[in-house]
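Visitor: So you can see what is in the structure, the chains are spelled out below.
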Amino acid sequence: MEITCSQVIGGTNTPCLVERQNSIITTGKTKNRIHCADDSIAGAVSQRACVFCGARVVLNPITDAAHLVHGPVGCASYTWDIRGSLSSGSEMFRNSFSTDLKERDVIFGGEKKLALCIDEIVQKYSPPAIFVYATCVVGIIGDDIIAVCKAASQRHVIDVIPVESSGFISGNKIIGYRAAGNALIRLITPKEGEIIPKTKKINFLGEYNLGGEKWLVERYLREMGIEINVACTGDSTVASLKQVPGGFLNLVQCTGSMHYVARLLEEEFGTPYIDVNFFGAYNTADSLRRIAQFYGEPHMIEAVERLIKRETERIQPDIEYYRTKLTGKRAAIYVGGAFKALAIIRQLRELGVEIVFCGTQTGKPEDYEQIHEMLNPGTVMVDDANPAEIERFLIEKKVDIMAGGVKERTLAHKLGVGFVDHNHDRKVCLAGFDGAINFAHEVYVTCCSPVWKQIRTHPDWEVYHG
Amino acid sequence: MDEKTPSVREVNENQCQICMPLGSVIAFKGIEQSMVIVHGSQGCSTYMRLAMVEHYNEPVDIASSSLNEKQTIYGGEENLRKGLDNVIRVYHPKVIGVVTTCMTETMGEDVGRMIDTYLTDRNLHDVDIIPISTPSYSGTSTEGYWTAVRDVIMYYAGPVSPNEGINIILPHVSPADIREIKRILDLMRIQYTLIPDISMTLDRPYGISYEKIPPGGTSREDIARMSGGRATIQFGYCCPDNLSPGALLEEKYGVPLHNLPLPVGLKNMDMFINTLISIAIKPVPESILLERGWLCDAMADAHKHMAEIKPVIFGEPELVYAVSSLCIENGSIPPIIATGTGSPQLRRHLETITRELDFAPLVADHVDFALIAKESDHLGVNLAIGHAGGKVLTERLNIPVVRTGFPIHDRIGAQRIRNLGYTGTVTLLEQMVNTHLEHKYQHYRQQIKSEYFDNGGIINA
Numbered sequence: 001m002e003i004t005c006s007q008v009i010g011g012t013n014t015p016c017l018v019e020r021q022n023s024i025i026t027t028g029k030t031k032n033r034i035h036c037a038d039d040s041i042a043g044a045v046s047q048r049a050c051v052f053c054g055a056r057v058v059l060n061p062i063t064d065a066a067h068l069v070h071g072p073v074g075c076a077s078y079t080w081d082i083r084g085s086l087s088s089g090s091e092m093f094r095n096s097f098s099t100d101l102k103e104r105d106v107i108f109g110g111e112k113k114l115a116l117c118i119d120e121i122v123q124k125y126s127p128p129a130i131f132v133y134a135t136c137v138v139g140i141i142g143d144d145i146i147a148v149c150k151a152a153s154q155r156h157v158i159d160v161i162p163v164e165s166s167g168f169i170s171g172n173k174i175i176g177y178r179a180a181g182n183a184l185i186r187l188i189t190p191k192e193g194e195i196i197p198k199t200k201k202i203n204f205l206g207e208y209n210l211g212g213e214k215w216l217v218e219r220y221l222r223e224m225g226i227e228i229n230v231a232c233t234g235d236s237t238v239a240s241l242k243q244v245p246g247g248f249l250n251l252v253q254c255t256g257s258m259h260y261v262a263r264l265l266e267e268e269f270g271t272p273y274i275d276v277n278f279f280g281a282y283n284t285a286d287s288l289r290r291i292a293q294f295y296g297e298p299h300m301i302e303a304v305e306r307l308i309k310r311e312t313e314r315i316q317p318d319i320e321y322y323r324t325k326l327t328g329k330r331a332a333i334y335v336g337g338a339f340k341a342l343a344i345i346r347q348l349r350e351l352g353v354e355i356v357f358c359g360t361q362t363g364k365p366e367d368y369e370q371i372h373e374m375l376n377p378g379t380v381m382v383d384d385a386n387p388a389e390i391e392r393f394l395i396e397k398k399v400d401i402m403a404g405g406v407k408e409r410t411l412a413h414k415l416g417v418g419f420v421d422h423n424h425d426r427k428v429c430l431a432g433f434d435g436a437i438n439f440a441h442e443v444y445v446t447c448c449s450p451v452w453k454q455i456r457t458h459p460d461w462e463v464y465h466g
Numbered sequence: 001m002d003e004k005t006p007s008v009r010e011v012n013e014n015q016c017q018i019c020m021p022l023g024s025v026i027a028f029k030g031i032e033q034s035m036v037i038v039h040g041s042q043g044c045s046t047y048m049r050l051a052m053v054e055h056y057n058e059p060v061d062i063a064s065s066s067l068n069e070k071q072t073i074y075g076g077e078e079n080l081r082k083g084l085d086n087v088i089r090v091y092h093p094k095v096i097g098v099v100t101t102c103m104t105e106t107m108g109e110d111v112g113r114m115i116d117t118y119l120t121d122r123n124l125h126d127v128d129i130i131p132i133s134t135p136s137y138s139g140t141s142t143e144g145y146w147t148a149v150r151d152v153i154m155y156y157a158g159p160v161s162p163n164e165g166i167n168i169i170l171p172h173v174s175p176a177d178i179r180e181i182k183r184i185l186d187l188m189r190i191q192y193t194l195i196p197d198i199s200m201t202l203d204r205p206y207g208i209s210y211e212k213i214p215p216g217g218t219s220r221e222d223i224a225r226m227s228g229g230r231a232t233i234q235f236g237y238c239c240p241d242n243l244s245p246g247a248l249l250e251e252k253y254g255v256p257l258h259n260l261p262l263p264v265g266l267k268n269m270d271m272f273i274n275t276l277i278s279i280a281i282k283p284v285p286e287s288i289l290l291e292r293g294w295l296c297d298a299m300a301d302a303h304k305h306m307a308e309i310k311p312v313i314f315g316e317p318e319l320v321y322a323v324s325s326l327c328i329e330n331g332s333i334p335p336i337i338a339t340g341t342g343s344p345q346l347r348r349h350l351e352t353i354t355r356e357l358d359f360a361p362l363v364a365d366h367v368d369f370a371l372i373a374k375e376s377d378h379l380g381v382n383l384a385i386g387h388a389g390g391k392v393l394t395e396r397l398n399i400p401v402v403r404t405g406f407p408i409h410d411r412i413g414a415q416r417i418r419n420l421g422y423t424g425t426v427t428l429l430e431q432m433v434n435t436h437l438e439h440k441y442q443h444y445r446q447q448i449k450s451e452y453f454d455n456g457g458i459i460n461a
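Chains as they are written, first to last, in UniProt numbering: chain A, 1 to 466; chain B, 1 to 461.
Hint data in this document are derived by calculation from the structure and do not stem from the laboratory. Some clues are possibly wrong.
A partial selection of chain A residues facing chain B, derived with a Cβ cut-off under 7 Å [claimed, not checked]:
#1 Ser40
#2 Gly74
#3 Ala76
#4 Ser77
#5 Phe97
#6 Cys136
#7 Leu411
#8 Lys414
Simulated pairs of lysine to aspartate or glutamate, EDC-like, Cα-Cα distance not exceeding 16 Å [claimed, not checked]:
#9 Lys70/B with Asp38/A
#10 Lys304/B with Glu329/B
#11 Lys414/A with Glu211/B
Where is the CB? At the ideal position from N, CA and C, for every residue including glycine.
From just these sequences and the hints, can you work out the full model?
Guide: Below, the structure is given as structure tokens:
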């Protein structure tokens, strides 16, 4: 059954799996659609994670909530302080609580322990809300976390919200995003009889304030005369999230995690939404213009143009400099979601870099169509890539620079390829005009580092070596 | 005082341990040409990869049987078989560890039976598939690690003719630590089998051609010879008897076991050398004597500073014991010694070396960072020694951390940290003192001024 990838796209003989054939295509050469809704193949060493991971990364930046992982201790331990999100106030979210289930609990059930843990957290910290995440074991032994949360919620008169995120439900984080979305909606929905008055402010969905990105975009919006009602979930509080229904417009940035929520908010509260993207100068300018147009107020439209002109002129010399250094370099992209992939493609293009390999963990068919349209013919597209495939294409496509997450970084470095971190624990601001420079700078320092040439050379004395 | 923690709590707040299967995975990475399949939901293998990649700064491939809802109900055998097929096709391993998760253990999967059926159906003879049971709710990475080392040895051990080799069994230490142990053994011209050996597999030099399974690790042939070895030296001072690989070799094959503390510090390292001499009857080379001398010199240089250091020591039991011992022999009394693992052995051994001290350290196992932070604050701790979890102590209590152990995801070079041997001890000792001095002199002018001057010289103002 073993075939080589050469049968799929030509080239060297690194063995790949025949079952993965439909998840790898070359743009321009095939009309076949890429398979991307499939479950990961057992034994293929997928880079994907699980449902719990998806839910945790979305909700974690809610700063003053307590996040309690119901299960054996590992799941909580691996996700303790997993995000590079910053807070303007509470640091509660940077703690990781676990019910630390033991063998006994797995046999007799963990509901009592869960209730006790909630009580302890309330007693020690009095958080305004506790999110209770279900893990694999909890799903299997059938603990009724909904009932436990409901009782605790009544007992303490705070929001205790179950997140149905048992890992085994899917190997695709998107399902976890949905579990997080449902939990968010539960928090947001006003109590009976309560009315949240409508404002002219916006909600910013799918913004996690990595490296202070929310704060930067907030400055631009303020200059236009727009206030952020609440960002979801970067630097948000439980109280601020309850004001979501008062928003005038919802901006959706990370579409993978927040389109679902935006649609629910439109149905429930009639708030319209538009997609935005603040990664790269072009995307930032485009997004700001569309927001101003939505409000339709002339002074806003003027303010936006002023801002764009000023900021573009400010960063232009730097971008030009990096462009002269980077033109003609070849890049690979392998990231979690399509939103990120699209943003990186455009930014690398602006820097004169050619994309030769692009893939995501969780892209949907329509995302891949969009990615396909943006790429030159001959680019390899891979859904749910594994290390063997990434290794193969980094070599075969003579890649100079890769953008991706932690697991890809060390592989790229081992193969002598530069690397840009675009993961959820990064601490550098990559949004807006400032972020465009930070991104270009990072691409430059790694892509053009003397290190690669140095470590590839052989010492003169090597010929005398045994 | 409760056995579990000094204050009985249910909730674990900021974890001081990692899950059981991860320990097994690390052990398998020290076996030549091996791959691991984590039998369970996909997230587990991804988390373990992430933790290991961040720590070792190396690509780490771990497969998963990628169970979903359907297999959770109907059983995961088909996925495991498919996973094995695929791993064999892409990686061509000689050894595959099948490591269970809390999920598959709860489902009651009979992995041993599944592997037997698979091997028979596929008629496979050139790959060894070894099941390891690691239900995460029954232990931490420490137990997972020892379970895997023991089961791998048990898999290959059989009656063999006696040989000259000494078995060296290690707990989870860094690749650089393993290289140090090997250097000492080579200097003393001793024949040995060291297991598990991650010195190359999790720290491969740049420039050799990239292989999906990195070269290095203990070979199957060497493991098979262990049952005929002259003796076993196991750095498993705190390893429970039922998980002890060395005890197994002693019981079943009569290989005498010397269970020693990790050779960190003068006393522990002397104990290792003495044991080697007594088994191998070989002279100690001059260079090792010199190294010992340099450590003694460093101890004299360090002792007054060490007397000022009140460290909290945390992490896996073996390292925690060895570092505590190093501190105490250098005149530093740790107010708190803590591990996330349940370890009566650690408690017992610590009791022996702390009995004569001016005050008794608080020894806590099954611990989390909420407790470590609370007690550190309360007891005036001024230095932390342990893994990256200690960053909360710096952020919240301004206590600097000397990073050692696993995981270290917020600094580079974890794979090159060396604490073992006379030379490694010098490095660790100096790092402790220098971290302390840097922190102390950052604030001392201000501190003395506020103490003696700011209140107008009035006592207890």
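Visitor: For the pair supplied as a hint, Lys304/B and Glu329/B, confirm whether the alpha-carbon distance does not exceed 16 Å.
Guide: Given that 16 Å is the threshold and the Cα spacing comes to 12 Å, the pair holds.
Visitor: Minimum Cβ distance from Cys136/A to chain B below 7 Å?
Guide: For Cys136/A, the interface hint holds, since the closest Cβ of chain B sits about 4 Å away, which is under 7 Å.
Visitor: Can Phe97/A be said to touch chain B, with a Cβ gap under 7 Å?
Guide: Where the cut-off is 7 Å and the nearest Cβ of chain B is about 5 Å from Phe97/A, the hint holds.
Visitor: Check the hint pairing Lys414/A with Glu211/B against an upper bound of 16 Å on the C-alpha distance.
Guide: holds (10 Å)
Visitor: Restraint: Ser40/A near chain B, CB-CB cut 7 Å. Satisfied or not?
Guide: It holds, given that the least Cβ distance between Ser40/A and chain B is near 5 Å, below 7 Å.
Visitor: Hint check: is the beta carbon of Gly74/A less than 7 Å from a beta carbon of chain B?
Guide: holds (3 Å)
Visitor: Please work out if Lys70/B and Asp38/A have their alpha carbons no farther apart than 16 Å.
Guide: holds (14 Å)
Visitor: At a threshold of 7 Å, is the proposed contact between Ser77/A and chain B supported by beta-carbon distances?
Guide: Holds, because the Cβ-Cβ distance from Ser77/A to chain B comes to roughly 4 Å (cut-off 7 Å).
Visitor: Was the hint right that Ala76/A lines chain B, CB cutoff 7 Å?
Guide: holds (6 Å)
Visitor: Return the status of the interface hint for Leu411/A: holds when the least beta-carbon distance to chain B is below 7 Å, violated otherwise.
Guide: holds (4 Å)
Visitor: Minimum Cβ distance from Lys414/A to chain B below 7 Å?
Guide: This interface hint holds because 6 Å falls under the 7 Å limit.
Every hint, counting from the list given before, is met by this structure.
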